[in-house]
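Keeping their order, the protein sequence lines are chains A and Y. Residues in the first sequence are numbered from 22 upward in steps of one, following our numbering. Residues in the second sequence are numbered from 3 upward in steps of one, following our numbering.
Be a bit skeptical, because a hint or two may be false.
Unchecked claim - Chain A regions said to be covered by chain Y (calculated; three or more residues, Cβ under 8 Å):
(1) 374–381
(2) 556–569
Unchecked claim - Each computed EDC-like pair below joins lysine to aspartate or glutamate, with the alpha-carbon atoms no more than 16 Å apart:
(3) 196(A) <-> 165(A)
(4) 34(Y) <-> 630(A)
(5) 253(Y) <-> 31(Y)
(6) 278(Y) <-> 294(Y)
(7) 621(A) <-> 335(Y)
(8) 358(Y) <-> 335(Y)
(9) 536(A) <-> 572(A)
(10) 441(A) <-> 479(A)
(11) 623(A) <-> 389(Y)
As the list claims (entries may be wrong) - Here are the computed distance ranges between Cβ atoms for each label pair:
(12) 573(A) <-> 352(Y): 41 to 51 Å
(13) 256(Y) <-> 612(A): 56 to 66 Å
(14) 107(Y) <-> 248(A): 48 to 58 Å
(15) 310(Y) <-> 550(A): 14 to 24 Å
Hints were generated in silico from the structure; no laboratory data involved. All values derive from a computational prediction rather than experimental measurement. Positions of the beta carbon are idealized from the N, C-alpha and C atoms, including for glycine.
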Amino acid sequence: MKTEQLIVSEPQLLAEFIGPATFKGFFEKRFEVPPDYLGLLMRNGQFVEAYKGAHFSVGGLFHQIKGVIGGSTSISLMIADLKTFQNIYEVTARTKDKVDVIGTVVLDLQVNPEKPQNVLGMMEQRRSLSKSDAAGRIRSHAWERVFEAALSRVNANEIRGNKGLQDLIQADLMKECERIAGDLGLMVRASSVNWAINEVEKQEATRAAAIRETDRLEFQFETLKRDLEREHETTVIKLNNTVDIEKLNLNNEDDLKRLVLSNEIEFNDARETGARIAEMKVLEHEINTLKTERLAKFEGELQTATHDGVDLKVVHERKRTLERNTETLDRSHQLALRALERDYDRETRELARSERGDDREFDREGRRLDRVEQRGNRLEDREDQKVVRREDRDYDHETREKELRTRDKERDFGLDGRKKEVDVVDKEEYARLARQRETDKVTLDNLKGLAGLEAEQERERLTRRIREADAAHDRDMDQRKLEAQREADRLVLGAKMSPEQILAVNAGLSPAVAKILEEQVKAQAIDKNAQMDLMRQMVEQANRSRVSSEEQARAMFNSGMTGAVGVAAGAGGKAGAGGAAAPGEANVECPKCTRVNPAKAKFCVGCGEQLRR
Amino acid sequence: MTLPVANPGGIQPCCYQHALAADAVFCGECGKPILRCMAFEECGGLVSDDGCCNVCVRPQLYLDKDAVTEVKTGGVLVLPLVFYNASGIGRPLFITDVWIREGESPRRRIELPWKRLDAGGSNRLNVQTGAMERQGRHGIEITFAAATNYFMREERFAFTSSLSLEVEQGGSLVINQTINASGVGAGSDTVYAPIRLETQGETRKAAVGGQAAELGLQRADNFEAAHGVRGYTDGPLKGSVVNRGARIVWKGFGADEPVPGAITTRDSIIAIGRGKSIRAGGDNFVQLLTLDSNGVVDEQLSQAISRRHLELFIQGGRLCARVTGQSGVFIGENKHGADDALAVIGNGDVIRILPKFPDALALQVRMRANYGHIEEITITRVPAIPEGAQR
Numbered sequence: 022m023k024t025e026q027l028i029v030s031e032p033q034l035l036a037e038f039i040g041p042a043t044f045k046g047f048f049e050k051r052f053e054v055p056p057d058y059l060g061l062l063m064r065n066g067q068f069v070e071a072y073k074g075a076h077f078s079v080g081g082l083f084h085q086i087k088g089v090i091g092g093s094t095s096i097s098l099m100i101a102d103l104k105t106f107q108n109i110y111e112v113t114a115r116t117k118d119k120v121d122v123i124g125t126v127v128l129d130l131q132v133n134p135e136k137p138q139n140v141l142g143m144m145e146q147r148r149s150l151s152k153s154d155a156a157g158r159i160r161s162h163a164w165e166r167v168f169e170a171a172l173s174r175v176n177a178n179e180i181r182g183n184k185g186l187q188d189l190i191q192a193d194l195m196k197e198c199e200r201i202a203g204d205l206g207l208m209v210r211a212s213s214v215n216w217a218i219n220e221v222e223k224q225e226a227t228r229a230a231a232i233r234e235t236d237r238l239e240f241q242f243e244t245l246k247r248d249l250e251r252e253h254e255t256t257v258i259k260l261n262n263t264v265d266i267e268k269l270n271l272n273n274e275d276d277l278k279r280l281v282l283s284n285e286i287e288f289n290d291a292r293e294t295g296a297r298i299a300e301m302k303v304l305e306h307e308i309n310t311l312k313t314e315r316l317a318k319f320e321g322e323l324q325t326a327t328h329d330g331v332d333l334k335v336v337h338e339r340k341r342t343l344e345r346n347t348e349t350l351d352r353s354h355q356l357a358l359r360a361l362e363r364d365y366d367r368e369t370r371e372l373a374r375s376e377r378g379d380d381r382e383f384d385r386e387g388r389r390l391d392r393v394e395q396r397g398n399r400l401e402d403r404e405d406q407k408v409v410r411r412e413d414r415d416y417d418h419e420t421r422e423k424e425l426r427t428r429d430k431e432r433d434f435g436l437d438g439r440k441k442e443v444d445v446v447d448k449e450e451y452a453r454l455a456r457q458r459e460t461d462k463v464t465l466d467n468l469k470g471l472a473g474l475e476a477e478q479e480r481e482r483l484t485r486r487i488r489e490a491d492a493a494h495d496r497d498m499d500q501r502k503l504e505a506q507r508e509a510d511r512l513v514l515g516a517k518m519s520p521e522q523i524l525a526v527n528a529g530l531s532p533a534v535a536k537i538l539e540e541q542v543k544a545q546a547i548d549k550n551a552q553m554d555l556m557r558q559m560v561e562q563a564n565r566s567r568v569s570s571e572e573q574a575r576a577m578f579n580s581g582m583t584g585a586v587g588v589a590a591g592a593g594g595k596a597g598a599g600g601a602a603a604p605g606e607a608n609v610e611c612p613k614c615t616r617v618n619p620a621k622a623k624f625c626v627g628c629g630e631q632l633r634r
Numbered sequence: 003m004t005l006p007v008a009n010p011g012g013i014q015p016c017c018y019q020h021a022l023a024a025d026a027v028f029c030g031e032c033g034k035p036i037l038r039c040m041a042f043e044e045c046g047g048l049v050s051d052d053g054c055c056n057v058c059v060r061p062q063l064y065l066d067k068d069a070v071t072e073v074k075t076g077g078v079l080v081l082p083l084v085f086y087n088a089s090g091i092g093r094p095l096f097i098t099d100v101w102i103r104e105g106e107s108p109r110r111r112i113e114l115p116w117k118r119l120d121a122g123g124s125n126r127l128n129v130q131t132g133a134m135e136r137q138g139r140h141g142i143e144i145t146f147a148a149a150t151n152y153f154m155r156e157e158r159f160a161f162t163s164s165l166s167l168e169v170e171q172g173g174s175l176v177i178n179q180t181i182n183a184s185g186v187g188a189g190s191d192t193v194y195a196p197i198r199l200e201t202q203g204e205t206r207k208a209a210v211g212g213q214a215a216e217l218g219l220q221r222a223d224n225f226e227a228a229h230g231v232r233g234y235t236d237g238p239l240k241g242s243v244v245n246r247g248a249r250i251v252w253k254g255f256g257a258d259e260p261v262p263g264a265i266t267t268r269d270s271i272i273a274i275g276r277g278k279s280i281r282a283g284g285d286n287f288v289q290l291l292t293l294d295s296n297g298v299v300d301e302q303l304s305q306a307i308s309r310r311h312l313e314l315f316i317q318g319g320r321l322c323a324r325v326t327g328q329s330g331v332f333i334g335e336n337k338h339g340a341d342d343a344l345a346v347i348g349n350g351d352v353i354r355i356l357p358k359f360p361d362a363l364a365l366q367v368r369m370r371a372n373y374g375h376i377e378e379i380t381i382t383r384v385p386a387i388p389e390g391a392q393r
């Protein structure tokens, strides 16, 4: 028999009554409610049973006969879709900062399979219930309580990606649905809200875009500015110079054109030059960096090389002290020179002053003589007048004139004599002054020479001292460098050496000699202990023989040293009681412990007693 | 800047030269006692008062080439350290502990996944700093303990190195990492390696040189004493260290009394027992025989003392003993046998040579410390041998 499947007639329906017409028929009908549907069976208006998936048969002859005999019953069936259905609707709410936000709410609803009969509560007077009707009942109740309440707590720019908000909305929505539609057999399986871009977010996005654009423009501006500055630095000065020079030669329009043309050429050339200058600067910077690095490395190496307790500060300090002493001596020397010069100037001035005084005296003498002469003249005139008057008066002219002429001649003669005398004295005085000046000059020259000589000697002495100190310092530095280098070599070589070689190098022998000794030892000794003992004896012998080169070491072995050492090796390599003292060498016995030590030893190697100073 | 010295402890080449003589005790040139390394037979090295052999112990610490990385304020920095054993004679080193200290915070111990460092070999260790919570200069101090072994003996030394990080924050982060490579390494060179990183504008990786930077090492002697790496860790001499050149003064040994002085034997061990002393042609430094009540040697009881009964030596800044005698000894209240590990001898300890006859022969040990350094140890024989005792 064919089974008819009972499902809702339209996909958007959630629940639907199946009328009696579907069941009527002469033959028995078989019906099936699929497992994802719920079947509610009602008989005579009473709810009988709810089935999740059911299979039953209706009608048929037997049932009709039974109905005739026993009376008929009214049977009706309602089926409800148990599958989750989704309902999407828009929501508008206001945020904390008073911005209207639009969102799309997705609700996943389902008929509660635990309380299926409650679906009847939603059917109202209809034969069927659509999914949108069921969801609509929730919407009207939940909006204000869920969405408005949740959104009023956050700002508009905080809603995107806010999982907490989504969880809150879902929880509140489920709670509200349970409250509203729980009795109606409807339950919320999930809900989520997709928010549309709101005004605040739009503004933020616009602002961010504007900031990005501004940054980009600023970067372009900075780049251009740097380019311009670089160009300006390298070109403008050159152009100005050219213009200034050219302006001087500017005569006509052709000259102006030529100037413009040449300027352009100069401009281009200057740009090339500017690029070259920039490259040169980069290279110079690199050179400086490398120089600084090399200097630092060199200083580091120097410090490493002189790490034998040399404090470069002390050396620098000593050098600085010497320089300071030199400067002090130079200064005192200059002061002494200046004092001498001042003395010389003073004496020169005094001499000049005395010379000027003599001149003035001479002038005074001359003026006195002139005055005497003038007075003589005046007397003469007076006498003349007297004579005239006497002539006038006495008329004895001739006698008087003769007398007067005689007197005049006598006076003239006297005056000339006096003049000659003064001239002679004057010349003598001049000669004396000249002689004195010469003497003074010679004295001064001698004085200068003497002071200069002393200064020169002092300078030479200082220079010698500085050179001596420098030489001592250099020697000291070289010595310390040598020691440090030797120590460094020893350590570096030590990394590649055998214990025997290290032993020899520690004892002051060169690595080459150490290698020769090791070769000999390996050739002669039997086992490791014997090797070391033999090596010790060889090192002692090499030290006593002052072996410093490979050739000397080989010569030492060739000259028969191996014999003595070989005997010692054969005897077990044990050193004698003498220790460092070797036969045939000058030895000295320690007065304290009677141990035999080499004569050159300052201390006894057995008890530490001082043997010699 | 402190310059490293080439010959730490003032060991001169003349001392090396005179140390070649097997029985040399003093340098014939400078008169200083010759203090040999415990592994002298292998390394031929001498030690100074601090006991560190320049040939055996030559660790070097490097900051690997990928050391520099970017870190935000609040982030951490990983320092890739490389430990290198620069010993030239094949002596292995053992890095036993590593500590890091940032600024004034407590020192933190780093777990080491390895220990042995063969000569010429290097091991890597990543050390993570704490969060750089503030901008400014961050000082980091790395300290490690390195040990060298020779048969049953071990010497441990602590070395430290410091480096500073400068974290600036002004828009973009700038890290200045300056390695202050100053200090005294075990003969190591000095390297000054300033690294400056800047991030300007956008973040970019800093290009650094392809070489690891060596960190200058300095002996952390104070740390050694404070953290028990060397010296006594308890008792009245806590924090004091026995100098390797400490003067051993012998009392009560009669005519055979050794001359006071440092331990200058070839293996730097003082052997004590019934056997003849070195001066009498034997191997012992001091001969021990029991005396009877008349002051005459008790031959029968002396047979209970082994020929080589006890070995004394200075190790890790402490006076130690290794019992070689069959009957063992009492050191203080504890009995030590030949199978036991080394025993540390403290100030005031009495070594009873014959446990069954504790009063027959004992050695009393006294130490004198001077500013944390024990420079003189007096070993008194009880009972003392009377003057003119018969043998």
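Numbers of unmet hints, in rising order
As far as the earlier hints go, 1, 5, 6, 7, 10, 11, 12, 13 are violated by this structure, in ascending order.
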